[in-house]
Amino acid sequence: MAHVRRGDLVGVIAGKERGKRGKILRVLTDKGRVIVERV
30 MAHVRRGDLV GVIAGKERGK RGKILRVLTD KGRVIVERV
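For the sequence shown, the residue numbers in my numbering are 30 to 68.
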């Protein structure tokens, strides 16, 4: 997984929200996931 931080602008690359962009609100390190605004 890439090194990302809260506040970084990211794009969704998989799933039904693919192609959307948003800012990271939370990083769930134990699950290897992030929560992105407007997604």
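Careful, some of the hints might be misleading.
Mimicking DMTMM-like on lysine to aspartate or glutamate, the simulated pairs with C-alpha atoms at most 25 Å apart in a straight line are [as the list claims (entries may be wrong)]: (1) LYS49 to GLU66; (2) LYS49 to ASP37; (3) LYS45 to ASP59; (4) LYS60 to GLU46; (5) LYS45 to GLU66; (6) LYS52 to GLU66; (7) LYS60 to ASP37.
Note that these hints are calculated values from the structure, not bench results. Just so we're clear, the structure is a prediction, and the values are computed from it rather than from any experiment.
Hints, one by one, checked against the model:
1. Between the alpha carbons of LYS49 and GLU66 the distance comes to roughly 10 Å, so the proposed pair stays at or under 25 Å and holds.
2. A C-alpha spacing of about 14 Å is found between LYS49 and ASP37, which places the hinted pair at or below 25 Å, so the restraint holds.
3. At roughly 23 Å between alpha-carbon atoms, LYS45 and ASP59 fall within 25 Å of each other, so this suggested pair holds.
4. Taking the CA atoms of LYS60 and GLU46, the gap is about 19 Å. The hint holds against a cut of 25 Å.
5. Distance restraint check for LYS45 and GLU66: the Cα-Cα separation of roughly 15 Å lies within the 25 Å cut-off, and the hinted pair is therefore satisfied.
6. Pair hint LYS52 plus GLU66 holds up; C-alpha atoms about 6 Å apart against a cutoff of 25 Å.
7. As the CA atoms of LYS60 and ASP37 are separated by approximately 18 Å, the hinted pair is consistent with the 25 Å bound.
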